Amino acid sequence: MKIEDILQRLDAPVGVSGNEEAVRAVVKELFAPYCTEIEEDVLGNVMGWYRCGIENAPVVMVEAHQDELGLMVSGITDEGSLLFCEVGGFDPKTLPGTEVTVHCEGGDYFGVIGAKPPHLVKDSGKALAVENMAVDIGFKKEQTEKIVRVGDIITLNTGYTKLAGSAFAGRCVDDRGGLAAVVRTLELVRNYKLSCDVVAVATVQEELGLRGARTAAARLVPDAAIAIDVCHGTSPGVSDNAFPLGKGPVVSVGPNLHPKLTRQLLDRAKEEGIDVQIDVDSGDTGTDAWEIQVAGAGVPTALLSVPLRYMHANYEVGDEKDIENTARLIAAWLLTFKGGDRLCY
Amino acid sequence: MELLKKLTRCWSPSGREDNIRELIAAEMEPYVTDVYTDPMGNLICRKKGNGKRLMFAAHMDEIGFMVTNIDDKGFLRFVSVGGISAHNCVNRGVIFENGTRGVISYEKTVRDLNLDKMYIDIGAADRAEAEKKVSVGDMAGYDEDFALMGGCASAKSMDDRVGCYALIKAVQAAKTCPNDLYAVFTVQEELGLRGAKTASFNVEPDMGIAIDVSMVGDTPESAKHSLSLGKGPGVKLKDASFIIHPKAREFMLGAAKAAEIPYQLEAAAYGGTDAGAIHLSGGGVPSGTISVPTRYIHSPREVVNLADVENTVRLVTKMIETGI
Amino acid sequence: MLLKELCSLCAPSGWEDEARKFILENIPAGEVTVDTMGNVIVHKKGKGKKIMVAAHMDEVGFIVSGFTDEGFVRFKTVGGILTTVLVSKKVVLGEKKVPGIISAKAVHLQKRDEREKLIPMSELYIDIGAKNKEEAQKLLDLGDYGTFDGEYTEFGDGLVKSKALDDRVGCAVLLELMRNEYKNDMYFVFTVQEEVGLRGAMIAANRIRPDLALVIEGTTCSDVYGTKPHETVTNIGGGAVMTAMDRAAVSDREYFELIKAVAARENIPLQIKRTSMGGTDAGSIQRSGGGTKTAVLAVPCRYIHSPVSVMSKKDFDSVGRLAAAVLKELEGREL
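Protein chains in written order, with this note's numbering: chain A, 4 to 348; chain B, 1316 to 1639; chain C, 1494 to 1828.
One thing to keep in mind: the hints can contain errors.
[What the hints assert, rightly or not] Straight-line C-alpha distance at most 25 Å; calculated SDA-like pairs for lysine to any residue:
hint, chain 1, residue 1, chain 2, residue 2
1, C, 1590, A, 43
2, B, 1546, B, 1458
3, B, 1367, A, 167
[As the list claims (entries may be wrong)] Which residues of chain A face chain B? A few of them, derived with a C-beta cut under 8 Å, are:
hint, residue
4, 20
5, 21
6, 25
7, 39
8, 41
9, 88
10, 150
11, 222
12, 224
13, 226
14, 297
By construction, these hints were calculated from the structure, which means they are not laboratory data. No experiment lies behind these values; they were computed from the predicted model shown. Built from N, CA and C at the ideal position, the CB exists for glycine as well.
Work out the full structure, taking the sequences as your base and the hints as a guide.
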């Protein structure tokens, strides 16, 4: 499948942290052609097995998170609008003037996060705080109270848009872009004889603190793991800790990542002529890799990231080539991985 | 209400839960199969059953203070045990485990106050006299007594003795119990859900429900919280520590509806309960929180509504009787 | 539906071509003139007073003002758009409708004080995905215009969300009003460049020299969370809005009372705008030539000048009915 097609499949379903049912269903469909078994744990982590056929083969976990940021109704105002809190970390500045969907028991309702008219805005230069915003669903209080309940999920109505060249904008490319790379990896290796079992994992609740990765890794304790997430792309005013789009996946190095595993990936990239960039992370990478590394008796873990501009905004901009190359790199490494003592110090 | 009074009067800051554990164990023993204390100090009360493991958790620790320095004049410097804001303890009384009483006050001005600029006065003439009563590392709790006010009650440590109360009363009242039931009274919640983490690791529950207090938004110009006093227990769907699992939501709401108990839904940006620790233990546990709406949380006078407390007992009772 | 189609058009002040083309194709009757600035003037001859009915076809939008070496598009706003509604919104630019995202630094990379501050216009830009300046320039030229991207959506209790309700509601009302027969000498005018200073109406009024004018608008409504009751300006669902005075014009007293009386008689809900902020083409028309009596009828729009302005279909209907009744009433009356 073309990355573009996988992305569009993954862009549509909503999957706000803790409420990932819809995206989970799509993930399972996308894993199905390549996996012999697909499991789901109690929190909703999806694990698809691609077996090599060798008994007691080493297990490699290739994972990305399936959840996305969202909002949750926390109250109803006298005007009939909805107060909300964040599920995951937004930039509140992106919210005024945004269209949303409120997911209620009785169905989905359209709404907008309003912005005060210019004449009422004092030019304080201050951004509006989430506590002072509300979702207008066009009903008065009595009607609203019949429709909406505290705890209902709100998502932003943005979506996949093709931009110039291989660039694209989408909702929650963090981390559906990573998931697309997982799916593409499975597709790339399926015609080859591997010496390891691959378990493709789509974790839940990453945006709330890597919660799904903790329980998934605790259950699997694989022999090696590759986490795929996003990192910041360069843009005007953003150059530190950021990487240009289209120049290949970003390979992280630092205490969170296993040096030998990372070295093998970098070597394979060189051999296969895949461009990579290197990110130096001095501690917590803020990704699932942080939890996976310390699961059970420990898991050698590597982290590949897809550069992404405007992370956690309404639209995130990435480059399809980077996702394709992430998958190519992982596939190239899987073909040569035989487990055993190759990852020992 | 006698039991709630006894529970809130008990002195037991986080890490020093011996007194409260003894008190609760005595209440629970006649009603359960097994009562034991784990290495962290959690009190685990098991009512043996054949079905799935259902765990309830209420934390028995309370916020407090720990002495870090005693000066020449006999004043004590301290740090907080758990989350205490300076404004909540200005000129309030505290009490040590040995009964030594003190007052917290501050240097210079009340403006820009923080705990570093505050001290405890135990009325000692000098260091030597102070050291006879208190040592560095000793803990103190708020010195406030339980009081009824209208349909409400105020006391120190309603957080979370009211949760303990509800759990004790519910286990005592439950007529049936289809599950292997674990009523766990956890330690060190106020320091980061620490007790619940090890307790759920040991119990390996199939479902975990925390019973704790939660902020309300019904006082003058208060921050916006969906809960009010007197409208029933809160069914918490999100806070900073967890987001509800659909099975836990179904379990809690199903019981409330079946027993026709009023309840309030709640989603918050801040706060945390033992459910945060339980749901990530092992391979993951569906978890939720029943909350008792409470005003002035982490102050020396936390206020709950008595009807809410009784409805919380009824709800937890119903959940135990229904099972999972 | 006419309003839906009108709202989907991309026509910021200074580049109203798309709206003009659509309107010209949909004029039911009359003698049509397009003047030097692009105003569309439709004359339905009659023997009575010369009456100008105006709505503006432009909307707030953007203009491309530069390209960075990395291929990002610098832009300026056309008309009054608060920077608060710009961040992270989708726009379309130029004749080819190139999609782009208005962008700013990821929240993780913002320092604490940056998080609390609004982003100044000088730090906003549009990302069209181009790799460098050359690639961007293949798609866009300096001076290309753009607008918010967004669909007309019905929701809630009879409400509509769209960009550009201000003033496609007026255009839709005019296209309907034109179908009626009148005794007076009627000029229906679709003006340009209202959002940058009521400029099209100025020259149109100079050409027509009307005796009376009626301006149909979309206006501010803030009956929403966080607004104090005395600041709401208008209410959605409260009916057509008439302006007593705004920054640009004071309504003619007699004309104002006449409209009130017509609304009462016809049982059409009417509210008087509760602020003096804002301005409409009435300001230009009132002071054209030797002066013209003007009145403004408007549809209240929440979140005006944002990509998600909201109106009530009932209010839209009230404005149309009231305008028709007023124009009829003017046939037998001298002011």
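Quick rundown of the hints versus the structure:
1. Restraint check for residue 1590/C and residue 43/A: not satisfied, since their Cα atoms lie roughly 43 Å apart, outside the 25 Å limit.
2. Our distance criterion of 25 Å between C-alpha atoms is broken by residue 1546/B and residue 1458/B, whose separation comes to about 30 Å.
3. Proximity of residue 1367/B to residue 167/A is assessed by CA-CA distance (about 56 Å); at most 25 Å being required, the pair is judged violated.
4. For residue 20/A, the suggested interface contact is upheld, since its CB lies about 6 Å from the closest CB of chain B, less than 8 Å.
5. A hinted interface residue such as residue 21/A counts as satisfied when its beta carbon comes closer than 8 Å to some beta carbon of chain B; here the least separation is about 3 Å, so the hint holds.
6. The beta carbon of residue 25/A comes no nearer than 13 Å to any beta carbon in chain B, farther than 8 Å, and the hint placing it at the interface is violated.
7. Here the hint on residue 39/A is broken, as its CB sits about 21 Å from the closest CB of chain B, past 8 Å.
8. The closest approach between the C-beta of residue 41/A and any C-beta of chain B is roughly 16 Å, which is over the 8 Å cut-off, so the hint fails.
9. Checking residue 88/A against chain B by beta carbon gives a least distance of about 4 Å; that is within 8 Å, so the hint holds.
10. Restraint check, residue 150/A versus chain B: the minimum CB separation of about 14 Å is more than 8 Å; hint violated.
11. A distance limit of 8 Å between C-beta atoms decides the matter here; for residue 222/A the minimum to chain B is near 4 Å, and the interface restraint holds.
12. Residue-level restraint check for residue 224/A is violated (minimum Cβ-Cβ distance to chain B is 11 Å; threshold 8 Å).
13. Here the hint on residue 226/A is broken, as its CB sits about 19 Å from the closest CB of chain B, past 8 Å.
14. Violation of the interface hint for residue 297/A is found here, the shortest Cβ-Cβ separation to chain B being roughly 13 Å, above the 8 Å cut-off.
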